[in-house]
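Trainee: Sequence:
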Amino acid sequence: MAFTASPAIIRNPISKQNMVVCDMLDNTCRKKFSFRNKGIYKGQHNLRDHLTVTNVVSPSRVIAPPPPPEKRSETTGDHQHHVAWTSIPQERWEGELLVQGHIPLWLKGTYIRNGPGMWNIGDYNFRHLFDGYATLVGLHFEDGRLVAGHRQVESQAYQAAKKNQKICYREFSEVPKAENFLAYVGELANLFSGSSLTDNANTGVVKLGDGRVVCLTETQKGSIVIDPDTLETIGKFDYSDSLGGLIHSAHPIVTDNEFLTLIPDLVKPGYLVARMEPGSNERKVIGRVDCRGGTSPGWVHSFPVTEHYVIVPEMPLRYCAQNLLRAEPTPLYKFQWHPESKAFMHVMCKTSGKIVASVEVPLFVTFHFINAYEEEDEDGRVTAVIADCCEHNSNTDILDKLRLQNLRSFNGEDVLPDARVGRFRIPLDGSPYGTLDAALDPNEHGKGMDMCSINPNYLGLKYRYAYACGAQRPCNFPNTLTKIDLQSERAKNWYEEGAVPSEPFFVPRPGATKEDDGVVISIISEKNGEGYALVLDGSTFEEIARAKFPYGLPYGLHGCWVPKQ
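Mapped onto my numbering, the consecutive letters of the sequence shown carry residue numbers 2 to 566.
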């Protein structure tokens, strides 16, 4: 995808009198840019005085026009849902957005965000945030311009639901409705084989070292290759090995050099740690960790690594076979809370697969690890591993708080469970216990903490900054963007009343020497049904640009950055 800058770039304060429209881009210079509908959308917004218009192009044709306002919202009675929790109004849209402010000229590439975006089939409404069919949003930055687009991931589950107008695969909390007992028995058989599990890849998206871009979720079959230029679905990502298993971590560790993942073993409770090389579809086992507590492995939505080690968390929120078999969801869905089974952290050598530490730690609940690094003594010897996560104070209530009914019924009460930056210290001297403490006062970020990112150049290394979603109370969901300074133990927060921001994604400036030299990208859903792309300065954490979408987009989960080649 590529832009060619127009001859003039004019930056003036925004007003009706001084909004400037530059020359139309030459179509022959835009051939590499693959979002097909390249009109410009000029959203209305009361901006701060310092924001400016930059790089505006003349309108061109938009193939898929925005829907009329009356079709935009789902309602319950007389209550209109926040756009963050409302299904996307159409399968796809692409167009160039009016940039209000200044996008750095060095920012060249595409931010792709994945997440659930369609929570109904026909008149049937899904129950949980994690049930929604995957919606990709692409933001392509080049020469200070921004072209955006979104489209659905064409998974088998989504295609079957569209065709049959009903749920056909097992989602996070949804189960296909059997027409009779024999159909129910057949569906159970399909569950054990894995064929009834969803491939709805609605959780994350990663760029592999070989350039392929893959959407992921908890099921292994839910690994789907997409075209980063068009967001079109290319096909299933088939693992060519024989490791088996039905599920894996939704958040593998992906760099230009490797792909690391955890594969829970539900039969003999434990985890396989596996590596996949760029250009390959074959995962190779590094080693295995046997669970120390419980009759099933703990949920491993994510895990951290250091320069030399893979850290395998064993959380007392454990997979539950009985809950998997139920036709109706339990409060903890596919899991069960087993505090008596205790919690553990295991440290495995990346090279040998040897377990160098396995310690009991305080009970914890986390979806997302932030980063980890090796702690050294004065002589440079590694004495411990430090692992940070978004920790929910060992409270499982957060899962049920993410039911759509709860998200859509906010009445001003402060119901978001508290969370913190949880810091594990795992000693490597043979000690049987590790520690878990707050890395900073949770009040710094409103006692809300999730959806984190860091400078990717500091993955597995000692770092200072993290970016996440925090809270401005009262709320029922994280509603701020926060920059965490782990050295000063302070936080800077961005907040806009009624807005629901998605994951703040950090993109470092090429050639930067400072950890926070870059930008933070987020997609904002507004309470008035609108939405926009937001760009913050990674250092000051102040807004430098925004661009309004033709209509508000639903909340999304995780993204990746595909730099322009």
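Derived by calculation from the structure, the hints in this document are not laboratory data. One or more hints might be untrue.
Unchecked claim - Mimicking DSSO-like on lysine-lysine, the simulated pairs with C-alpha atoms at most 30 Å apart in a straight line are: (1) K109 x K178; (2) K269 x K355; (3) K178 x K402; (4) K237 x K335; (5) K528 x K285; (6) K208 x K565; (7) K343 x K269; (8) K178 x K285; (9) K163 x K528; (10) K167 x K351; (11) K109 x K167; (12) K355 x K463; (13) K285 x K269; (14) K402 x K528; (15) K448 x K355; (16) K237 x K565; (17) K463 x K402; (18) K285 x K167; (19) K237 x K343; (20) K343 x K515.
Claimed, not checked - Just the calculated beta-carbon pair ranges, DEER-fashion: (21) D378 x T256: 36 to 44 Å; (22) G499 x Q157: 30 to 38 Å; (23) G280 x P511: 18 to 26 Å; (24) K164 x T256: 36 to 44 Å; (25) D239 x D430: 21 to 29 Å; (26) A439 x E233: 37 to 45 Å.
All C-beta atoms, glycine included, are put in the ideal place defined by N, C-alpha and C.
Trainee: Each of the hints needs a verdict: does it hold here or not?
Mentor: Here's how the hints hold up against the structure:
For the suggested pair K109 and K178, the alpha carbons sit about 47 Å apart, so the restraint of at most 30 Å is broken. At most 30 Å may separate the alpha-carbon atoms for a hinted pair to count; K269 and K355 meet this at roughly 19 Å. Simply put, K178 and K402 have alpha-carbon atoms about 24 Å apart, close enough for the 30 Å limit, and the pair holds. For a cut-off of 30 Å, the pair hint linking K237 to K335 stands: about 24 Å separates their Cα positions.
Pair hint K528 plus K285 does not hold up; C-alpha atoms about 47 Å apart against a cutoff of 30 Å. Note on K208 and K565: the hinted pairing holds, with a Cα-Cα distance of about 13 Å set against a maximum of 30 Å. The straight-line distance between the Cα atoms of K343 and K269 is roughly 18 Å, inside the 30 Å bound, and the hint therefore holds. Using a Cα cut-off of 30 Å, the hinted pair K178 and K285 is violated, with the two alpha carbons roughly 38 Å apart.
Annotation: proposed proximity of K163 to K528 holds, straight-line Cα distance about 29 Å (limit 30 Å). With a C-alpha separation of about 44 Å, the suggested pair K167 and K351 falls outside the 30 Å cut-off, and the hint is violated. Between K109 and K167 the alpha-carbon distance is near 41 Å, which puts this suggested pair outside the 30 Å criterion. Restraint check: the Cα-Cα separation between K355 and K463 comes to about 23 Å, which is no more than 30 Å; the hinted pair holds.
This hinted pair checks out: K285 and K269 have alpha carbons roughly 19 Å apart, not beyond 30 Å. With a CA separation close to 19 Å, the supplied pair K402 and K528 stays within the 30 Å bound. A hinted pair counts as satisfied when its Cα atoms are at most 30 Å apart, and K448 with K355 does not qualify at roughly 37 Å. Of the supplied pair hints, the one linking K237 and K565 holds, its CA atoms being roughly 24 Å apart against a limit of 30 Å.
For the hint pairing K463 with K402, the CA-to-CA distance comes to about 33 Å; that exceeds 30 Å, so the pair is violated. In summary, the hint linking K285 to K167 is not supported, as the alpha carbons are separated by about 38 Å, beyond the 30 Å threshold. Note on K237 and K343: the hinted pairing is violated, with a Cα-Cα distance of about 37 Å set against a maximum of 30 Å. Simply put, K343 and K515 have alpha-carbon atoms about 40 Å apart, too far for the 30 Å limit, and the pair is violated.
The beta-carbon spacing between D378 and T256, approximately 28 Å, falls outside the hinted interval of 36 to 44 Å. One distance hint, 30 to 38 Å for the beta-carbon pair G499 and Q157, holds here, with the actual separation near 37 Å. At roughly 25 Å, the beta-carbon separation of G280 and P511 lies within the given 18 to 26 Å, and the hint holds. Judged by the Cβ atoms, the range 36 to 44 Å given for K164 and T256 holds: they are separated by roughly 39 Å.
Checked against the hint of 21 to 29 Å, the C-beta distance between D239 and D430 comes to roughly 43 Å, which is inconsistent with it. With their beta carbons about 44 Å apart, A439 and E233 fall inside the hinted range of 37 to 45 Å.
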